[in-house]
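Please work from the sequences and hints to get the whole structure.
Residue numbers (my numbering), protein chains in the order written: chain A, 1 to 160; chain B, 1 to 160.
Hints in this document: simulated from the structure, not taken from any laboratory.
Where is the CB? At the ideal position from N, CA and C, for every residue including glycine.
Watch out, some of these pointers could steer you wrong.
Think about it this way: if two alpha-carbon atoms lie no more than 25 Å apart in a straight line, the pair counts; the simulated DSS-like pairs of lysine-lysine are [as the list claims (entries may be wrong)]:
hint	chain 1	residue 1	chain 2	residue 2
1	A	K35	A	K51
2	A	K38	A	K106
3	A	K100	B	K58
4	B	K138	B	K58
5	A	K58	B	K35
6	B	K58	A	K98
7	B	K56	A	K82
8	B	K56	A	K138
9	A	K138	B	K58
10	B	K35	A	K106
11	B	K138	A	K106
12	A	K56	B	K118
13	A	K82	B	K138
If the Cβ cut is set under 10 Å, some of the chain B residues that face chain A in the computed set are [said to hold, decoys possible]:
hint	residue
14	L50
15	N59
16	P101
Number of protein chains: 2
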Amino acid sequence: MKIAAVFIAFLFQTTLKAQTMNTKENQNATSIFPKGEKLSNEWFTGNAFLKPLVAKDKNNDFALGSVTFEPGARTIWHTHPKGQVLIVTEGEGFYQEKGKPAQALKRGDVVNIPENTKHWHGAAPNSTFVHIAITNYKGSGNVLWLKPVTDEEYNGAVKK
Amino acid sequence: MKIAAVFIAFLFQTTLKAQTMNTKENQNATSIFPKGEKLSNEWFTGNAFLKPLVAKDKNNDFALGSVTFEPGARTIWHTHPKGQVLIVTEGEGFYQEKGKPAQALKRGDVVNIPENTKHWHGAAPNSTFVHIAITNYKGSGNVLWLKPVTDEEYNGAVKK
Numbered sequence: 001m002k003i004a005a006v007f008i009a010f011l012f013q014t015t016l017k018a019q020t021m022n023t024k025e026n027q028n029a030t031s032i033f034p035k036g037e038k039l040s041n042e043w044f045t046g047n048a049f050l051k052p053l054v055a056k057d058k059n060n061d062f063a064l065g066s067v068t069f070e071p072g073a074r075t076i077w078h079t080h081p082k083g084q085v086l087i088v089t090e091g092e093g094f095y096q097e098k099g100k101p102a103q104a105l106k107r108g109d110v111v112n113i114p115e116n117t118k119h120w121h122g123a124a125p126n127s128t129f130v131h132i133a134i135t136n137y138k139g140s141g142n143v144l145w146l147k148p149v150t151d152e153e154y155n156g157a158v159k160k
Numbered sequence: 001m002k003i004a005a006v007f008i009a010f011l012f013q014t015t016l017k018a019q020t021m022n023t024k025e026n027q028n029a030t031s032i033f034p035k036g037e038k039l040s041n042e043w044f045t046g047n048a049f050l051k052p053l054v055a056k057d058k059n060n061d062f063a064l065g066s067v068t069f070e071p072g073a074r075t076i077w078h079t080h081p082k083g084q085v086l087i088v089t090e091g092e093g094f095y096q097e098k099g100k101p102a103q104a105l106k107r108g109d110v111v112n113i114p115e116n117t118k119h120w121h122g123a124a125p126n127s128t129f130v131h132i133a134i135t136n137y138k139g140s141g142n143v144l145w146l147k148p149v150t151d152e153e154y155n156g157a158v159k160k
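Structure below.
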């Protein structure tokens, strides 16, 4: 009986190990794109990264890229002259327009950000957050950077 | 001993069941968006589905959606008057411009399709294939549908 129990326990442990490895592989597999290069702390608070995908060209009047925010990282307040579309591909984060409650975002959510609307987006305090951004151009510009989202603003927005 | 063995076997089975459920959940978790509605076989061969994400509006001069192709499913030959960007989010498939070899596509690949260029895209024979499509408008149109990709054309393209 001891031998049988030990053998079955061994199988059981092996199963658990295999399960853990699968989970890890699946977690890595959730990132569609490489993280890319770190974005300047002039415009992003904490560690955020950009992987450019398509630059504005004769057909596409937008810049396309994937942005990865480490937990707690976020943009500063900003506006887009012709709006921006966010497509959340991984993790949990927030989008907030000035004077409104923050919206919680998760994988599969899409935000159609209006033009000239002061807002920020970024990760939840305890989650990496990745979104694709389609940023429309108006002439040669597609963003106007404003002031940082303070810790007080961020903490107040995400705790509600 | 019998009781102990049965109990351990029960635990083991429970573990396997849980594992199977996890695997299933993880597979589902690889799909960012719901499949959406089946696309017409007038324009798609086999089973393809569209989940619309953002319609053309005053800021976005494109339609945004997620397209899911079952194995072997594909578009018919077509052109876009102002191009289209594909972002592969799941599985394996192909993109082929008329007269050129097909390009194999996998998760994370991006295709910037030029204007007025005859092409098709779709799944590999043994893989589901999911891409986001950003389809630019020229006036009120964004696609011109042509003739089906025959089985001979498809098989010849994907086996190389």
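Hints versus structure:
1. Pair hint A/K35 plus A/K51 holds up; C-alpha atoms about 6 Å apart against a cutoff of 25 Å.
2. Simply put, A/K38 and A/K106 have alpha-carbon atoms about 22 Å apart, close enough for the 25 Å limit, and the pair holds.
3. Under the criterion of a C-alpha separation no larger than 25 Å, the hint pairing A/K100 with B/K58 is consistent with the structure, at around 23 Å.
4. This hinted pair checks out: B/K138 and B/K58 have alpha carbons roughly 14 Å apart, not beyond 25 Å.
5. Of the supplied pair hints, the one linking A/K58 and B/K35 is violated, its CA atoms being roughly 31 Å apart against a limit of 25 Å.
6. In summary, the hint linking B/K58 to A/K98 is supported, as the alpha carbons are separated by about 22 Å, within the 25 Å threshold.
7. The suggested pairing of B/K56 with A/K82 holds, with an alpha-carbon distance near 13 Å, which does not exceed 25 Å.
8. Of the supplied pair hints, the one linking B/K56 and A/K138 holds, its CA atoms being roughly 16 Å apart against a limit of 25 Å.
9. Between A/K138 and B/K58, the direct Cα distance comes to roughly 12 Å. Compliance with the 25 Å bound is thereby established for this hinted pair.
10. For the suggested pair B/K35 and A/K106, the alpha carbons sit about 18 Å apart, so the restraint of at most 25 Å is met.
11. For the proposed pair B/K138 and A/K106, the alpha carbon gap of about 33 Å is over 25 Å, so the pair is violated.
12. For the suggested pair A/K56 and B/K118, the alpha carbons sit about 22 Å apart, so the restraint of at most 25 Å is met.
13. Distance hint between A/K82 and B/K138 is fulfilled; the C-alpha atoms sit about 18 Å from each other, no more than 25 Å.
14. About 14 Å separates the beta-carbon of B/L50 from the nearest beta-carbon of chain A, more than 10 Å, and the hint is not met.
15. Given the 10 Å rule on beta carbons, the hint for B/N59 holds: about 4 Å separates it from the nearest Cβ of chain A.
16. Because the smallest distance between the Cβ of B/P101 and any Cβ of chain A comes to about 22 Å, over 10 Å, the interface hint for this residue is violated.
Consistency with the previously given hints fails for numbers 5, 11, 14, 16, ordered from lowest to highest.
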